[in-house]
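There are 2 protein chains.
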Amino acid sequence: MDINTAKHTLDEIERKQFAYKYVLATVMNDASTVAPPESYTARGTAFGILSGETFKLQTSPELKEAVYYLYENKDEAGPEYFRRAELLRENIRKMENIPIEEYMAYSELLNTAHVAWLNAKKNNDFASFAPFIRKIVDTQIRFASITDPDKDPYDVALDAHEEGTDREYYDRFFDEVKATLIPLIAKINEKEQPDNSWLKVSYPVEVQKKLSDIVMDTFHLDRNHCVLGETEHPYTNGACSQDVRITTHYYENDPVASVFSVIHEGGHANYELHVNPEYDYNVLSGGASMAMHESQSRFWENYVGRSENFIQAFWPRFRETFPEQTKRHTAEELYRCVNLAHPSLVRTEADELTYSLHIIIRYEIEKKLFSGELAIEDIPAAWNEKYKEYLGITVPNDTLGCLQDVHWSQGSFGYFPTYSLGTAYSAQILDTMRKELDFDQLVRNNDLEPILNWLTEHIYRFGCLKKPGTYVPDITGKPFTAKYYTDYLTEKFSKLYDL
Amino acid sequence: MDINTAKHTLDEIERKQFAYKYVLATVMNDASTVAPPESYTARGTAFGILSGETFKLQTSPELKEAVYYLYENKDEAGPEYFRRAELLRENIRKMENIPIEEYMAYSELLNTAHVAWLNAKKNNDFASFAPFIRKIVDTQIRFASITDPDKDPYDVALDAHEEGTDREYYDRFFDEVKATLIPLIAKINEKEQPDNSWLKVSYPVEVQKKLSDIVMDTFHLDRNHCVLGETEHPYTNGACSQDVRITTHYYENDPVASVFSVIHEGGHANYELHVNPEYDYNVLSGGASMAMHESQSRFWENYVGRSENFIQAFWPRFRETFPEQTKRHTAEELYRCVNLAHPSLVRTEADELTYSLHIIIRYEIEKKLFSGELAIEDIPAAWNEKYKEYLGITVPNDTLGCLQDVHWSQGSFGYFPTYSLGTAYSAQILDTMRKELDFDQLVRNNDLEPILNWLTEHIYRFGCLKKPGTYVPDITGKPFTAKYYTDYLTEKFSKLYDL
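Chains L and Y, in that order, are what the protein sequence lines are. If you're matching positions, the first sequence starts at 1 in our numbering and goes up one per residue. If you're matching positions, the second sequence starts at 1001 in our numbering and goes up one per residue.
Be aware that one or more of the hints could be misleading.
Label-pair distances were calculated between CB atoms; the ranges are [said to hold, decoys possible]:
| no. | chain 1 | residue 1 | chain 2 | residue 2 | range |
| --- | --- | --- | --- | --- | --- |
| 1 | L | 410 | Y | 1001 | 37 to 43 Å |
| 2 | L | 5 | Y | 1467 | 47 to 53 Å |
| 3 | Y | 1276 | L | 91 | 40 to 46 Å |
It should be emphasised that the hints constitute simulated quantities derived from the structure, not laboratory data. Glycine included, every Cβ here is placed at the ideal spot set by N, Cα and C.
Produce the complete structure using the sequences and hints provided.
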């Protein structure tokens, strides 16, 4: 092995990996948007087989030799090849001891679990989905016992979604968040809520689609590389900087739901679209981590989209699109309505203030599932109890309760906490951005390009080159703290509710 | 090698092949319907790499050994494994001598050629597409010189699209067709045409979509396994009997165009959907051949859809969907309008009578391209001359002339002739069906299920188990002849135009 052979081997195998990633991402996107409902058996078979092929590639001896050579020859490798080797080395370490049959069986399990979840949610039938959660959690605990025998399996799951995090890290973060949110929400609950009945009348979906076009343009989402589809749950699916798919969901009686979905998913998309295109065919492609990704979707959705300045700039276009429905109302009313803070049942519809409590509930349940303190069949009871305790609301059924999210059916335990963490990351990053850009004025002027460029310069272009935990300290010059996030929420909602 | 090992090896490798086929079909479908326009570089890279993987699978020594074992042990293999071995053996014979780099380069060439064709057609710029045709034809001639050094390369192309056919076969068939069509069309051209101006007013696309729903239901197209999308050129893309995609194109001023596209593609789809599901994961999946496939799309489109009985049954639903536009008209008028026969420029919009002349023109040009008698740059002149000679019309530009079809950009030389051949196959098959079913009455009653079941029993369920050339003789008890097709056209159009 020499340096050129090692680099060439890495390039070749990573290009193959890209090919599988590209087609599997496209197939998943197709499955969620247009595939015929009973095509899942064929797709599951194909998925299982090709997942096995990618598994073999990722654990091939040629790749391993090249990866270790580059990792051990950091100076010769240079920063990009070194980082690729570092990421691939960690992946090999995780995968090489998992028997391929188990890996493929797990892949097929997730495929059937997804369909089981869809049916369970539709029929409010937790019992039919419970065996899948059991199998998924058991498999993850088993895989963790192979890859990280000395670590707690939920710490392994947390670290898999956000490098460097564990229960201790999140416990501290969530304790700070809880300490601010619970009393703040309690105070707001005593206040009068704005009247949003004018936003609950009919806003025809075909016309709402024009708002999506406006949002796509405003946020500089390049349609040559990014298309918008429709699904029950909005998502972003990026194969590389050339091809990113986002989806939204239209509700006839809630025109802002889709607007904020497009802004949110558009934030994820803009991150992916602005990674250095040289990384397209290797592991540096895409966002640095789950939390870094969510920091960007939430940045655009909340810090930009739900700000008073953005709503002022957006109002004339909203008014023009729906002249009848809006004629007796003002931008100020829209601003208050899109920031209406009240405890609710469904995470994806939660307001900016109460959102993290939904996350904390899921985090606490997952933690106890992995430790064995909570039995699968007791999830609904635990869920409903926590919603009562933290948010003061009664969960009427599991469809609106513990069956609401797709994540567990996809094996994404340890994913939810990154949503809150990312939101807190971007609060701290915004504080620094404000020192370099006239953020408020740019948003008020609908001139978001300088903000997009700033984020590209400081975050997006790097893809996975930098470790996710380094962004906040590097950009802000300070270690990460929840304080910027809690201060932001306190200030914004105290003003909104005149506390 | 023993019989069980051979069967097991075949099953394993064919399942892998299925996985690649499934994802590549889905990616192609995605590319045609929803992918962002500038994602083709990424997709092309992925396609090239995975085509290389399927190439390796198809030519792997393990597969070859199993295939030859089963082929040589026909009795032990049984009819299904034997036919699979026979088909795979022919494929190996064709592929094993083509260097993988050339095969992958060809796959990438087709990807870029498709984009070049789209642009050339858009800009009426044949010169920009000509080098791609040159490279594709040269590559096919080179591949034919490797796989079939003793055969004419266009005969190889014809046989690749329809086993057992060659120039001699098609020359004889097309001579018979020409002998009937040219005088028949000449006579009709002297007759008065029905007034179809009422079908050229506005039929809003959103409402036309309801007609698609009616057609999907009428033709028993199972939406659990078959979805309808929209593309510039309608197509069918079936990955297996569980997952078939069809598309249509809506024209606001031509509501019947999409109706007949859905019926046509629905015919392809019903074939794929009714192949024995046990064949899903192997090479017996899908229709028996191009011509057999086209025999079914044309059967449903023309022999059913454009019949007087079908139009009578369809009329009340058409009238209900577009009450204003149709209120002064009758089923009889619609029947005459959907069978209006007149020479036109665009193959996909051609009527049933003149259609085969479009095919004959393409066939004659392809034949001369492969023999070197026609230079690439002379295609437009040759095309325009033949349209003048056979159809009596002047081609105003290449967009409406030799750039109109996607086929050449996909390397599908030798494909066009199967369209006419299939149409003639189904004329002969219909003659037999009429002896067993009251075809006219079933169509008049909108009761198409017995017809679908008859075709499933005699054709669809077999997939690729039987050789394509065996259907017409086996079903009808007679060798194939063009006579049923030419008799059908003569009778139908003589009556319509009162000759």
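Evaluated hints:
Distance hint check for residue 410 of chain L and residue 1001 of chain Y: the Cβ-Cβ separation is about 42 Å, which falls inside the suggested range of 37 to 43 Å. A beta carbon spacing of about 50 Å between residue 5 of chain L and residue 1467 of chain Y agrees with the range 47 to 53 Å that was offered as a hint. Hint check: residue 1276 of chain Y to residue 91 of chain L, Cβ distance near 41 Å, so the stated range 40 to 46 Å holds.
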